[in-house]
Amino acid sequence: MYLLVLFLPLLSAIISGFFGRKIGTKGAGVLTSSCITVSAIISCCIFYETTLNSSATYIKLWRWFDFELLTTPMGLQFDSLTSAMLVVITSVSALVHIYSTGYMSGDPHIPRFMSYLSFFTFLMVVLVTSDNYIQLFIGWEGVGLCSYLLINFWFTRIKANKAAIKAMLINRVGDIGLVLAMLMIFKEFGTLEFLTIDSLLGLNPRGENITIICLLLFLGAVGKSAQLGLHTWLPDAMEGPTPVSALIHAATMVTAGVFLIIRSGPLFEGSPLALTVVTICGALTAFFAATTGAVQNDLKKVIAYSTCSQLGYMVMACGISNYSTSLFHLINHGFFKALLFLSAGSVIHAVSDEQDMRKMGGLIKSIPLTYVLILIGSLSLAGFPYLTGFYSKDLILELTYDKYYIAFAFWLGSLSALLTAYYSMRLVYLTFIIETNSKREVFLGAHEPGLSITVPLVLLALGSIFVGYLAKEVALSNVIPPIVLGSIKIIPLALTLVGVDAAFKRGRLPVPPQLSGSFLGTKPKGGLSVYFYQSVYTFFNSAWQFNYVINHFIVKNIWKFGHLITYRVIDRGLLEIMGPRGVSRVLIKLTQKFSNLQSGLVFNYALIMIVFTTLFIYTGCQPH
Amino acid sequence: MYYEYLTIGIILFILGVLGIVLNRSNLIIMLMSIELMLLAISFSMTLFSVIIDSLIGQIFTIMVLTVAAAESAIGLAILVAYYRVRGSIAVKSLNLLRG
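So the sequence lines, in the order shown, correspond to chains A and B.
Mapped onto the UniProt record's numbering, the consecutive letters of the first sequence carry residue numbers 1 to 624.
Mapped onto the UniProt record's numbering, the consecutive letters of the second sequence carry residue numbers 1 to 99.
Next comes chain B alone, as it looks inside the complex (with noise of 0.2 Å):
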């Protein structure tokens, strides 16, 4: 009876994927798309603990929240170090590692 609800988080997940992948300019785009992600997948996860009427969905959206906020720190704060070293938070500009 919930299952309609699973295509939010679906669809909120392909939107984060979608920002990732289309986006060529902004890397704090990219940062809010990972946590677009992560938020969809912690979403995902308390409708399943809901529906399956189990506790850890629960437990995991927590600790996967954590996760998240640890990641985007650490996350923003390689962005700085980064905006310090080449004045530019341009994607297409860290194109410094080619194959």
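So here's chain A without its partners, still in its complex pose (with noise of 0.2 Å):
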């Protein structure tokens, strides 16, 4: 059983993917659809034995890399770590597989489409249950090729191509980090398994390596997770297919390095440092996100920047030590965000592709129940009290409120909460509420999608409903609630509700007229406040400007010496001089030089023989 949850993934894929064109469409739809399904059931009978019977489960499989002193073999990991990101990646994957039946259909290459979701899925969850780097880096790095894959899903599209190898690259700065951690590892403990690493930590190794290999995982994470640098690649890779998104940026991928960090939470235990630097980095994401989140137009932007948020916060949970609570807002988050994303995806359906929430508005009498499954999803994300998002996000902030040290990210967080609850809320009421700015066509022709695509969403609604307070008591049963004062404990709460107030004030109060040359683009004619707004408006939308910094000053600046020093000064330049082009040329000259010593002459001949003879006399009778 335990192997099955691995294995059923992995047939699925394949079958899909060599036997696509066999089993049609249809076929491979419902295949991997019930595949992931059985997978999702086992895992949460895995999630009853290892966690609520808490017994954790250790399989070694087989002799993998065995050499003197590095013996890893291939083995699972079982516990109730490993069992939570299960139940999560699984059901959401089954619900996303049956979703992408209904939301692809019409599509040309469902077995393909198909077979990457199940492959991915079967990738992250090799992810999650090795019980070791290596195995760990398999799935890590996999997860990285399905992105690719999935993204580039419709290989035609340029700009599908291109986010697709920025999510790779991106995604490879960070897997240096991972790469130089488990060396660093290596070299430290002479093993890569988590338990033998574990059990180590207790003969106090020295700080300052440990302190590198938490900065290091901390630098894969960075990647994989989006955090604060090398976030970039996130919001670009919503030009895959929206379930993709649902898959990969919600539930699955992005969680990654929030469960790298969680799996190596006994080592970070042992670096303060490593510890304040997760903190400030995750807070500063989340504030990043949120403002950035706040003012994108785009329907799936607004949610990959609150995944980008959301992600913040999880990693600043990690930061405070505070793991468990880590991993019960990832579990919370992957299902309204799955809910999110997908019932964006049934809004863009229903407007026949359109994901400018400015060409939007008004579809509540036409799809009322995304209406309420979106609404749902929001107010979770926000953390409207009693729905899952509460249990997890509010406990975060009175946890950072609780490190006194940094109640920096104690306010960033709170802020980034205000603005968290500012663009969902925007997003429901620009996407439905206000008089609708779509054409008439458009309009009159969304309506709701078919009941594969409905199904999952109302499923993750519930789970968007309820998984926080079921899985209350199982993920924070060690988690000390902190002692915070009643005003402090509200603010988040007021936050969110001043925040869900700023979005409907918005709509109505018209923006003021001079103000409105600003989201049109055209030249302001009001005052210093005016050009002050545009700018800031323009500086969060187009994200900090972090793209234009990285290219401009990164990526412009290494495809340069790319080219320059690397392509024409070395390989064409220096390595051509002294290597084939450069020897040939003067061997040429030089054989024609000695060649030309034979000029035919026959007394020429004589001298040179005659004077090498008395060169060769001389030399002889020289004594030795």
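I should point out that these hints are in silico values taken from the structure, not numbers from a laboratory.
For glycine and all other residues, C-beta sits at the position ideal for the given N, C-alpha and C.
Hints are supplied without guarantee of correctness; some may be wrong.
The list that follows gives simulated cross-link-like pairs (lysine-lysine, DSBU-like), each with its CA atoms no further than 30 Å apart [to be verified]:
| id | chain 1 | residue 1 | chain 2 | residue 2 |
| --- | --- | --- | --- | --- |
| 1 | B | K92 | A | K593 |
| 2 | A | K166 | A | K301 |
| 3 | A | K365 | A | K589 |
| 4 | A | K472 | A | K403 |
| 5 | A | K26 | A | K159 |
| 6 | B | K92 | A | K166 |
Just the calculated beta-carbon pair ranges, DEER-fashion [said to hold, decoys possible]:
| id | chain 1 | residue 1 | chain 2 | residue 2 | range |
| --- | --- | --- | --- | --- | --- |
| 7 | A | T614 | B | N95 | 16 to 26 Å |
| 8 | A | Q622 | B | L15 | 21 to 31 Å |
| 9 | B | I51 | A | G620 | 35 to 45 Å |
| 10 | B | L79 | A | R581 | 42 to 52 Å |
| 11 | A | E576 | B | I89 | 50 to 60 Å |
| 12 | B | I78 | A | L590 | 29 to 39 Å |
| 13 | B | F60 | A | Q622 | 25 to 35 Å |
| 14 | B | L76 | A | L590 | 32 to 42 Å |
| 15 | A | E576 | B | L18 | 19 to 29 Å |
| 16 | A | L574 | B | I74 | 52 to 62 Å |
| 17 | A | G620 | B | I89 | 30 to 40 Å |
| 18 | B | A90 | A | L590 | 46 to 56 Å |
| 19 | B | T7 | A | T614 | 10 to 20 Å |
| 20 | B | I51 | A | F612 | 23 to 33 Å |
Once you've looked at the hints, go ahead and assemble the two chains, each given alone in its own frame, into the complex.
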């Protein structure tokens, strides 16, 4: 049963990928969905056995690396962390599979799509179930590869290609961190298995090495979990189909970074410096993504930035050593973010593939069910009391406040909570409530999607409502709620309500005419305040100019370096001259000179012969 | 006591060498220079056979003379054949084979 959860997705990926032509579109959909559903049921059983009955399971499969010092067998480890992740991954993935059969219907390459989705799920399961870093790295790279394939699913679109390459490359920056961390771990501990490392930590290894290991591991997590600095791939990855965004960027792939931190928690505990860095980076990411998400106009990008923001929360929670809270938020986030993405897909489906929120509006009458679902998702995301998001998000903020030395993170997190509420409500408001801005035929053609789309959505909505409450006792059994003042406790909730209020107020009060120009991109007529407003808006809308700065100062320079130095100076320059071309040129010149010695004139030959005979005799006569 | 005669042999040999190297016009002079070199060698050998009181030098001298005669005969024959083909025996015109 424990192996089945791993191999069912692999089996469905192989069958759907290689025999997609045989089993057809419908067959691929049904097969992969049922395989992953069975896998989800099995992972629920695993959750029951390993977490609720607290009997962690370890399976050694076969010997893989077996050198003198490095012995790393293939092995699976099912503890409470793994099983919790498994439940989220497989259940969200199963729902996404079912959803995709409806959402992607009409696409000519459904078997391929389903195969990629299943393969992605398989690799993610490999990632979470591994009992050592190398096997984790297989899953880690594998989900990167699958994200490439899935973002690039419509490979005829140049933007999708670019986004996929960007995702792959930026992830690779983090992967280097993980590889280096693995090397350091091997150097420090002589093993790569989690259990051995955890037990060796009691021997008080050198602190600075642990710090380096943790910072490198965190670099890996930064790449995969889209933390500040390496986050730019996440919004671009929205080029893929919506179910892909839901799977990759809500429940599975981006959570791998947080999972890595949680899994390496014992290591991180040995390094206060690394924990501080983690907290600050997480808090900054949460704040950054929240400000950016608040002014995005693309429906999917708003959700993408909210993912980034929530990942910031999780990393922040890890940084204050509250790994179980972070995991709890991860689980909850998986449900409500998948719900948000998939309902956004439903909206996009309804308005004939329009993603710009400014061209929507008034959809509450045509797709009320989607409205209800997206409202549940948004409220849950905003941390509305008694919905899923509330249980983990408020707790994270309280715990951050409890750590007095990084109160900074608390205030950034609270501000992000305000902005989260603002942009999720803004999304609902612009899409569903205000007067419509879409074309007449699009608006009239808007309709509820079919059953295969609504059923997963409803299930996810139930998850978004109840999972937080149900899993609270299990996930937070060892978390002691901090003692904070009532006024502090109320702050996030109050800020959330302010955010919701602001989102609706902006609708009731029309934008002042002198400000409206800044939305349309025309030159503002107003004074300095309008200019200020416009520049701030542009700054946030372009994601703090991160793409510009990175492209301009890093990517462009590396490209230039690559072309000018490595290509022109070294490859085509030095190496050519000292290598084939230069040598051949010198040799040809030399041989020509030598062959010119044979002038064809007899007396010259005689002279040469005599000169050399004389030299020969002369050297022969020298005393040795 | 006969060592001063060795100078004659060496001078003759060098004259022969110079005759080949410095001569740029006539092929017959070249052949004559080769003969001169052979003669210088033969002279030196007879001289040494007297000095070391051994007959083998004189035997070699006779053989060298024989070889020289044969060599000059063949050389002159080649020269004549060459002259028949080219119509000139200038050394400078011998440069058909270049490196």
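To see whether the hints hold, each was checked on the structure:
Pair hint K92 (chain B) plus K593 (chain A) holds up; C-alpha atoms about 21 Å apart against a cutoff of 30 Å. Under the criterion of a C-alpha separation no larger than 30 Å, the hint pairing K166 (chain A) with K301 (chain A) is consistent with the structure, at around 16 Å. Taking the CA atoms of K365 (chain A) and K589 (chain A), the gap is near 86 Å; set against the 30 Å cutoff, the hint is violated. Note on K472 (chain A) and K403 (chain A): the hinted pairing holds, with a Cα-Cα distance of about 22 Å set against a maximum of 30 Å.
Between K26 (chain A) and K159 (chain A), the direct Cα distance comes to roughly 29 Å. Compliance with the 30 Å bound is thereby established for this hinted pair. Restraint check for K92 (chain B) and K166 (chain A): not satisfied, since their Cα atoms lie roughly 75 Å apart, outside the 30 Å limit. Checking the proposed 16 to 26 Å range against T614 (chain A) and N95 (chain B) shows it holds: the Cβ atoms sit about 24 Å from each other. As the Cβ distance of Q622 (chain A) to L15 (chain B) is approximately 27 Å, the hint placing it in 21 to 31 Å holds.
Between I51 (chain B) and G620 (chain A) the CB atoms are about 23 Å apart, so this pair departs from the stated range of 35 to 45 Å. About 49 Å separates the C-beta atoms of L79 (chain B) and R581 (chain A), a value consistent with the hinted range of 42 to 52 Å. A hinted range of 50 to 60 Å holds for the C-beta pair E576 (chain A) and I89 (chain B), which are about 52 Å apart. Remark: the range hint 29 to 39 Å for I78 (chain B) to L590 (chain A) is upheld by a beta-carbon distance near 35 Å.
A hinted range of 25 to 35 Å holds for the C-beta pair F60 (chain B) and Q622 (chain A), which are about 28 Å apart. The hint said 32 to 42 Å for the Cβ distance between L76 (chain B) and L590 (chain A), and at roughly 41 Å that hint holds. Roughly 50 Å separates the CB atoms of E576 (chain A) and L18 (chain B), a value that falls outside the hinted 19 to 29 Å. Take L574 (chain A) and I74 (chain B): their Cβ atoms lie about 59 Å apart, and the range 52 to 62 Å holds.
For the pair G620 (chain A) and I89 (chain B), the beta carbons lie near 37 Å from each other, so the given range of 30 to 40 Å is met. Separation of A90 (chain B) from L590 (chain A) is about 32 Å and departs from the stated range, judged on CB atoms against 46 to 56 Å. At about 18 Å, the CB distance of T7 (chain B) to T614 (chain A) agrees with the hint of 10 to 20 Å. Hint check: I51 (chain B) to F612 (chain A), Cβ distance near 30 Å, so the stated range 23 to 33 Å holds.
Violation of the numbered hints given earlier is confined to hints 3, 6, 9, 15 and 18; the remaining hints are satisfied by the structure.
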